Each structure stands twice: as C-alpha cells, then as structure tokens.
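Construct the complete structure from the given sequences, taking the supplied hints into account.
Respectively, the protein sequence lines represent chains A and B.
First residue of the first sequence: 54, per my numbering; consecutive thereafter.
First residue of the second sequence: 20, per my numbering; consecutive thereafter.
Simulated from the structure, these hints should not be mistaken for laboratory data.
Predicted, not measured: the structure shown is a model, and the values here were computed from it.
Errors might be hidden in some of the hints.
[As the list claims (entries may be wrong)] Across the chosen pairs, the derived CB separations fall in these ranges: (1) 78/B <-> 152/A: 40 to 46 angstroms; (2) 129/A <-> 148/B: 38 to 44 angstroms; (3) 108/B <-> 288/A: 36 to 42 angstroms.
Backbone N, C-alpha and C define an ideal beta-carbon position, used for all residues, glycine too.
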Amino acid sequence: MSGCAPDLTLDPADEACLAGACGEGARLAAQLVVALGRIYGAGDLVPVGSVQVAGVSYRNLGAAGLGFLRDWAAKGASARVPALLNPAGIDLVAWREHGIPEAFARQQLAVIEAYRRLGVTPSCTCTPYLVGNVPRYGEHLAWSESSAVALANSVLGARTNREGGPSALAAAILGKTARYGLHLDAGRRAGMVIDVTCPLRSTADFGALGYLVGRLAGDAVPLLRLRACPEELLGQPDLVRSPYLPHLKGLGAAMAASGAVALYHIAGVTPEARVQGEALVAPGATHCTIADLAPGYAALNTAGAEVDIVSIGCPHASLGELAAAADLLQGRHTRTALWITSARATIEEARRCGIAEPLERAGARLIADTCLVVAPLQHYGFHAVATNSAKLACYAPGHCGLATRYGPLEACVEAAVSGVMRDA
Amino acid sequence: MSILLGRTICPGRARGQALVSEEPISFLGGVDPETGLVVDPRHPLAGCDITGRVLVFPTGKGSTVGSYVLYQLAQGGHAPAAIINARCEAIVATGAIISGIPAVDHIDITQIQSGQWLSIEEGGRVILDG
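Written out as structure tokens, the structure reads:
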C-alpha cells in the first residue's frame, strides 16, 4: 500500500477493504477513514457501535452533496453498523402542511432516499439517545451532530469525536473509525477547570452556563465544579432518564454552539468524573471561575420583548419536555407561532399518551425530523424568536436571520400566548 | 528536476502546472463550484482559475461544506489536477477523496513556484520539472 504512514496500523480486513475486496463503495469509505486517521495521528482503527450522520438538510448539502450520496450508493456502499440521520430540512411527512416549497422538499426527499439506499435509517434526530439508541459507557461511536456528541461523551461516557458528514458515513460503511482524540483516555482529560460559584436555578441557567463555558473553553475539555450542585444530580446513576436530562442536554448543546466543546465533565455528576475524580484533570490545566450568568443571558437576548415565533425542542424535545409544555398550555391559545421540534418516535409516543392533543389544540405545531437550524426558515418571514435553547439563540441571528429572546420553558410558553417575553 | 517526498492523502497520479497560494483556502465561499474561479476578493489567488492546475496551499480552512464544493468542481470538470498541502486537514482530505483528486501533504510548499510544471507520483512523490 503506497504512502501508508508507518504509524497507522491496519488489520488484514482493513487492508482488504482498502484494496477493493469489499467493493468500490467500501474502498472509498476505507480510504476516507484511513486518510483522516493519518491526518489526526491515529494509531489504528476502532470498531464503532453506532453512527449518527450529519449532512442531511438539503439547505446545507446542495446539489453537490446529493450527487455525492447517490454516487456512493450507486457504487454499492452500505452501512454495516446501526446508523441514523441528523435532522433534515423538512418534516418528511407533513412538509406540505408547513408550506415548504415543493422544489426544496423534492430534493430533500431525494437525499433521504439516497441515505436509505446507503443503509442509513432515516430517523432524523439530534437525540438518538431518546429514541432507543443509548450508547454504553466506554462504547466507541462515530456521531456527528454537536449536541448529540456532547451528550454521548459527557453524560453517557461513550467515546466519539465530532465526525463530519462524509467521515461518519464512511465509518458506518466500514464499521470503524480512526482511533484518535476523544477515543483515547488522554484526549478525554480536562484541559480546563471551571469553578461555577453562582447557583443554577433553572434549565435556562444551565443553557446560559453552557454558552459561557463554550466561549471560555473553545475546543478544550472542561471540568465544571458546581459550588451549588443540585442534590439530585450528585451520584445520579441514570442521567438520561433523570429529571435533569433537559438541563444537561441544553448545557452541552450550548457549549458546542458557542465553542466547539465535544466533551465536558461535571465533578460528582458525569460518569468519568465520578469514577476518576481529580485524576481526570490534565497536567497544566488552566483554571477559571464563572460567578455570574448575566453575561450569558445578555448575549443570548438580542431581540426586544415582542416575538413572532416561539421554538421549543433544540435539541429535539424529550417526552418529558412535551408533557411539561402541554401542562402549561392546557386550555390556552397561542398568539405567536409555536413550533415544537422533536424526534418522530417521541412525537408518536406523545400522541399515544395524550400529550400531543392539548398542545395542538392550543395552537402549537409539532414538527418531526427537522429543526429551526436546518430548515429553510427564511421562507416564513419571522423576525424574532423566543426559545428555551441557548444553542438556537446562538445560531438564530447569523444562521436564520432572527433576533432572539432566551429563557426557560415556562417563559417561552407565556411568550407564545402573549407575544411578549420580558426580561426575567 | 527535483523530487519532494510527502504523504499520500488521496492516491493517484497527476501532472499539471502549479498554482501556489501562501494563504489557506476555504472552498466554501472561496471558489466558485461551477467555474473553478477563486471568488474571495481578499484571497491572493482572487480571479485565478484552479481548473486543471496543481493547487498548492498550506492548508484548508472554513466550513466542512467545502468538501462538497470540491466534489461539485470535479463533477463539472473544474477540479484541480491535484492538491499539494503543507498540512492537509479534514475538509480538503474529505473533498479530495470523495472527488478522486490526487492529494499529497507534508510537502515544503515554498519549494514550488506558480507556473512550474510538476507531477504527482505514487508514494507521495512530487516531481518538479527543470
């Protein structure tokens, strides 16, 4: 094999794939995984338990991306480990009701069809861990979407770098990814210790904290020491099923949006921090303190009090969040648009247990498969969004052309009913 | 004739005339996917056509969507003949591999001048004419 760096060891099966023994599609996938492994100084390839593939919205992929997917499908490439998709640009079923232009929807559905031929399941969500794909502690993954990567690494203790769209797809086809970065113990140690001395009173406080941490940490691994850590969080054995899931989901999503954090630790809370304690801190780690969340809230609120759309579900809402919104909206009616985005399986569950009905009767729109960050939002003419997502509040001004109001779920629901969200 | 020895990112042979940039390149927003022209007015190669050239630059930068720009260039016949980097990163590596553009890195690119003819050979070898 020409030009193979001596530091990347391939086993005979990898070599065979690279030589084309498993078909042209697999050869291309192997070539991509190996090249990226060399670039990042990987020692070898590691089998992955599951893959989550970004690069789904036609808004970001364009004609060239669609052409690439069709090309690989035509060459016989197919996923050999469970692989799911990130959100698409539309609700794959209800897009007509949502007024999505036909031409965009057709191209989006063609992308989904190409992924289906590649063996990737078209469940389009940034919360695969809420719809039956819960990685094990220590399991290696090749996931793409930044908030899902942060949650899998931090809250579950699984191991994934933030894969690009084609590299995740290649990992699904090969069943392996290059072992570097967050797959290694050394890459998971904290390069920054952050003492959080202010109290964390709400889910919104966790999001505002995440925003500030991301700005400080960049792409480092932070260890947060919460001076006023909620009791129920300490030693909680099953964080994904705990009442703090929305807090941790929002915290990681915000860090990954304002910075490039793919793994965070919380002392006494997240699994690796509980196992390793202070040993998790890398030699030479930097230290800083966050004593006030106000700068986070200030950065996330760019709009005046009036809003014309309210967004819940970035990352995709859990069943618990849908239930909480339904309680708050019982017997009321929205004045603004209220879009609630979630995984299709979560919404179906909400329909079965009677949570969807009060939401829709109040005027909320339940949207599956997509989210505001990847949808063709410019089409709707909204000006200001209220959201309980610090991640969306980060992206909305630049990416969607919307001014933002940011606050907890309760305040967002009140904003949907009144059209106004005042400072807390 | 001189030989520079680098590392294969995407295997393949190519021959062409060098187009050298001292600055990193962002393919998304930097290069028109339909014509191969460098369209970023602040880039030193602004207005140059990368079609069929051996594109020599330190490293890639910008959005990961840049990988698909390389793919679109290749589909439309406007890809560079090959890519030579000092240090290849994931966007360019991904774009080169999905597009079949031979690519080599770990090359001292200050040894290459724009307009010079050169060949990319197996094993990460770059052979400069003259």
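(request) Starting from the hint list further up, note which numbers the structure goes against and sort them upward. (result) none
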